[in-house]
Structure formats: structure tokens, C-alpha cells
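Asker: Chains as they are written, first to last, in my numbering: chain A, 1 to 287; chain B, 288 to 746.
Be aware that one or more of the hints could be misleading.
Stated by the list, open to error - Derived EDC-like pairs (lysine to aspartate or glutamate); straight-line CA-CA distance at most 20 Å:
#1 Lys232/A with Glu480/B
#2 Lys446/B with Asp739/B
#3 Lys633/B with Asp51/A
#4 Lys633/B with Asp249/A
#5 Lys392/B with Glu331/B
#6 Lys633/B with Glu260/A
It is worth saying that the hints were derived from the structure and are not from the lab. Keep in mind it's a predicted model, so treat the numbers as computed, not measured.
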Amino acid sequence: MHLITARVQLSPNVTRLDVSVPRIADIRQPGQFVIVRRANGAERIPLTIADADPINGTITLVIQAVGKSTRELVALAPGDAIQDISGPLGHPTEMITAGRAVCVGGGVGTAVVHPIAQGLHQRGVDVTSIIGGRSQEWVIFEQELRRLGRVVVCTDDGSYGRKGFVTDATREVLEAGGVDIVYAVGPVPMMRAVADLTRPYGVHTIVSLNPVMVDGTGMCGGCRVDVGGQTKFACVEGPEFDGHLVDFDLLAERLGTYREFEQQAATTCEAGSCRRAAEHAPQPPAI
Amino acid sequence: MKIARQAMPEQDATQRSGNFTEVNLGFTEQMALLEAQRCIQCKEPKCVQGCPVMVNIPRFLQFIVEGDLPGAARSLFGDNALPAVTGRVCPQETQCEVQCVRGLKAKPVAIGYLERFVADWARAHQGVVTLEAAAPTGKKVAIVGGGPAGLTAAGELVKRGHEVTIYEALHKPGGVLVYGIPEFRLPKQIVEEEVARLVQAGVKIENNVVIGRTYTLPELRAQFDAVFIANGAGLPVFMNVPGENLKGVYSANEYLTRVNLMEAYELGSDTPIMRARRVAVVGGGNVAMDAVRTAKRLGAERAILVYRRSRAEMPARVEEIHHADAEGVDFENLVAPLAIIGNATKWVTGLKCQRMELGEPDASGRRSPVAIAGSEFVLECDAVVVAIGTRANPLLTATCPDLKLNRWGNIEVTDNGMTSIPGIFAGGDIVRGAATVILAMGDGKRSAQAIDAYLRGGF
């Protein structure tokens, strides 16, 4: 059991949980994730480690409530516990050790970009973070990232920072030149857009993928993604890959495998009863 | 006196194809007594030679004949740590029973069914068989992986007084016994009881620890007097045909893990599983049988087994093939997949296949399939489960370059099970490649004996 030591609501649907896992807090590196299983009967879900405090033995998980499992996780309070956490999993981020990096974070992906920016900053790399959200209340991790370098905040409605998408700001930075590497984490369309932007500039771009996963150790193969025409298991060969080689269409489609199931589960959950009947399982379209 | 081999009572095929409760119901005491009497108590029993863990079969059968079930249980458990498991999942027909002299003129003694009977009797009579730890030796052994090899080794080591800690990557120990083999063949309750026995005897189990990630192998070696690696052959092999990343394509590992470990077959589990109308399972081994029978139970109108050779060459146990047949599984034998076909939203709609015929025997001695030109056809289905094998997972071995591997990534060991690093032993699928529960248990037992000798300086 892993005790929750702090809970902060970061945006209307994004919550930060600090959880006691001393071993992982001690050895985790940027880019790595954990598999979390809240309690018996709950799903195993992958979550990137957003930060860690080795002295207090805690890791920071930033969770967007989208389905039943994530809603139940964000409903936990300090003093509650998570039953199973395994990790740290996946390869650490491939870091440059000098030069200039741009870290682009969209929505909850900003939390995943944070440890990368941290690692780069520690290595003496010049970091510019470009982060965004629908409006001011959706912008997260701004203060944490400001400690590591410049931050450009973009909101869709212009309620905070500059109006527009993170891609607009990224384009300007690329135009200005001098960018050695770009890290992009966020919704699939955002990562695809950033990769498309950087390609003509020849700037190496790393994206962090979060496909459907069960065990996180390479056993199930559910997390397979296509990178440069080759099938990779994101859990053991990723989760970060060359954004110019990732088949984002396939990733987006595969992420939707259980959409119907998730929505029904969430609806049932909202209705106050989390019981789910067999007919709620996803039905593929008729042939 | 001539007694016919007793048949295993089983749940009605139509009924069971819609539920996940166990298919085989087990012998009654009367049936067990009759069956045990069929053993002629050979002076040099060949059946024992056929058993990877060398169970003294005639001895425990004689106890049954004498009506001494506690004696039978103590005899059996002394040789085999997990008889309730092996009595259900061992391929007895190619191990002990194939050696039985009764089989020369009639059917061999139903050793597997009797093993299961005695093990279940002991489960119902708690306290008859106990696992007792010997006086502490002060030596500490780490076991990587809580599957059949690891659990067996743990029992053997704790019996010899060593302090044992099992590191399990998943949230529950049992390995393939809990994530792979379905409830209808091996109830999870049995594995839980076996694990509880080990814990009671003092074995420590640390779940959610991935050796290779949470700790490296050298870190583990530094903290323990010996290490036994039994982390299995976890990486699923795909067919490498077009369309394999479509939605609705699963590895057997994923399909079975969702259903078994994550209990997706039960209402109230949060883990989703696709309930497809037509499921094509590719492969001919026990895992393929488990997957296709699971698909049937999840409500598939058609659960189809696609295998490129004929039924005679299937590596699956004959009993499993018969059970699948009776439950209404469709067999597409001599059929090889060429591609998986999908629709605009990337869902599977079919499996493009080719008919095969048998040619010359290959290296395995089985006649190899040869494609029949112009025989391509599309098998309509909305899910495809790939059950063509697994290979070594490099997660652990990658963190320890000193560990000698073979060309397939399996760990190389000496006759006593020791790896290229002194004090580190290995067994089960990570050494053999995908094999059986009982072979892994045999490795666990032998490695535990070797580790014991090593710790006592007998190497």
C-alpha cells in the first residue's frame, strides 16, 4: 500500500497526487512511468512520474480524470492509499547535455514535460518551455517550469499568456533558430502537429507516447506502436520515440479501442453505481 | 479382476462453454480407489522416470489403495510442491502415463487424475500436509518471478532453512498460473492456497518489483547469498503480417491476462475486454486452446482456431483439443494467415488466409506445411488472437551484461542450473524458451537443491 501524502487540484480535471514509494522516488529518471492499480478489481494504468522527492520518498503523479479508473484515483485524499505501484518503467529520456531545448507541453502532458525540463536544466541545457491549455484555469506546472528556464504560456481563448496554440509559439521559436532538440508531450494531434512543424527544420523531436497498456513489462504487447515502419512496445522500448517516425494515425486509432467501454463505465460510475454489466463491453462495428 | 480406466467427470460441454467454472470435476473417492488399483506396482516404475519432478507415483497410489489418504497426500506433496496445479495442467499423456506398462495392452493408469484427487483431498483436509521451514541457516535467497519455477524453488529452499524472498513483477504471484491459464482449467483459488502455504512457511513475497527496473540484478546479488532467476519467457511473438496493429488484434498474453489476472470475465472488473462475435485464434498449442475456449466463453458466436498444420501435429494436449471440440470451437486446420484485414476505423474485419498441405518432415520431425497455390480466402472475424509463442524478455538481462545468453536471449546455465555468474541460478522458460509448467517446476526443484549445495559450500 502506498500512502497519498498530498493532493492538489491543478485544473478543472487534472489532479496532482504525491504518493509514498521510496524506492521509485530514489531511482526514477525523467521520462519513466509507473503502473498503478488503485485497489483489487481496479485496472492497471500507466502514469508518467512528473516529479519525485527522494528525501520524503514520494513521487508526483498528475492525473487527468477521463474514465472510471482515473476518476477513482483523483477522488483519493491524503491519508488514502494506492494498493499497487510498480516501476520505474520505460527508458529514461534521451537527453542532450549542452545547447538549447524546447519543451512543448499540452494539457496534462505539461506534467510529463516537467521532469524532462528538470533533467535538461540539471545538465546545463538552455530550456524554453511552451505550455498551453484551453484557458487560464487549464494551464498547469507553470511555476515549476519557470524555475528551469523561459516559459511561454498559450491559451486557446487568450485568457492568459498569448492567444493561440502551443504550435504557433513553437513555430516562432523554430523560425528564430538555434533549437537543438524539441520534446513534445500532449494529446496525439498536438504531438503530431509539433513533429510536422519541426520536420522541415531538421530539429530532432522526441514525443512521449501513452498507448493502452496492461503489465508495462513487455508481456502483453497491447502498447505496440509503429515507429519508422517497425512495431515497438512502448512500455519497454519507449515510451519516448522519434516524433518524426511515429505513426500517429495508428496511435490515435488504437487509443480509441476501449473508448466506448470507458465512456459507459464513466457514465455508470457517475450515476452512483459502479456496477457494470457485460453488455457494456465494447462492441466492434458490424462486419 | 479387470478394471477399466475411470473417466474424468466433466461439466456438460454446452453449459460450460458459457461459463468460467472448472471443466473437469474430479474423481470421487470410489473412482480414485478403483483407478489406483489398476497400478501393478512395477519394481522399476517407468512412470517416475517420465515425471520431470520424479514423483514416486506407485507409492502414493499404494496409499490410496490402502485407504490411507493422509499418507498419499504426504507422499505426493513431499515430491511435488504444487500437485493440485500439475494434476490439472500437466501433459501426463506424454510424461508419466505414456510410460505406464498398463498402457501397452489397455489404457494407462490415470495418474494425473489421481494426483489431482489426492491434492484436492489435502486441500479439503487442511493441516494434514504442512510445509515446515527447517532451522534457519542464516542464508538469504532471492527469487525473481513468482511463477511455477519460482514458487517450487521457494518451497524447496524454505524447507531447507534458507530465508527466501520472491520478487514478482505483477501485483499477484503465480505467473502463468494466474495470468495465462484460465479459471476453467485451473481455478485461481488453488494458486492462492499454494502461495498462502509458502507464506505461512516464511517465504516473503514482494509484488510489483520488476527486476531490471526497480532493482538491477547486480543490486539483488549484492543483497542476497544466492539468486534464482525464473522470470519466464514473457515477450509475445507476433506473426509479422500486414494489419497486425489493427484494433481487435491481441497477443494471447494480453487477451488471457485481461481475462484471467485482471478478471475481465467477471462483472465488476474495471479492465475491458472486447467481446467479439467471431474470434480467430492463431496457433495450435495449449495457449491457443486456452484463448479460443476463453473467446467462446466470452460469448463469441464463432471461436475459430487457425492452425497451419493438421490436428495430429498440434502441440496442445489431446484433452484440451477434445474439450475445445466439444465446446463448439471451429477448427481451421492446414490454414496459414497472410494478413489481417480492417475497415476505415481500423477495426479488424477478417483474416486473409491460405490453405496448406503437409510436405516433408521439418527439423522438429513434424511434417511441414506447404502453401497450396490459389487457395487464398478471407475468414470473417472481428478479433484476432495471436498465440504462436513467446520469447525471452530482455528487461532483466539487459541490466546485467555479464550474464551469458544464447542467441535467442535465453539465459545459459550449467547442469546444476547456475548461470555464468557465481551464485546466480536460472530456470524455467527464461532458460528453456516457452515450455510447460511442470518443466519449470522441475527446474525450480533442481535449482533449489543446487542452491542449497552452493550455500553449504558443496560446490
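Asker: Against this structure, judge whether each hint is valid.
Answerer: To see whether the hints hold, each was checked on the structure:
no.	hint	result
1	Lys232/A with Glu480/B	38 Å, violated
2	Lys446/B with Asp739/B	10 Å, holds
3	Lys633/B with Asp51/A	36 Å, violated
4	Lys633/B with Asp249/A	10 Å, holds
5	Lys392/B with Glu331/B	18 Å, holds
6	Lys633/B with Glu260/A	15 Å, holds
Of the numbered hints stated above, those contradicted by the structure are hints 1 and 3, listed in ascending order.
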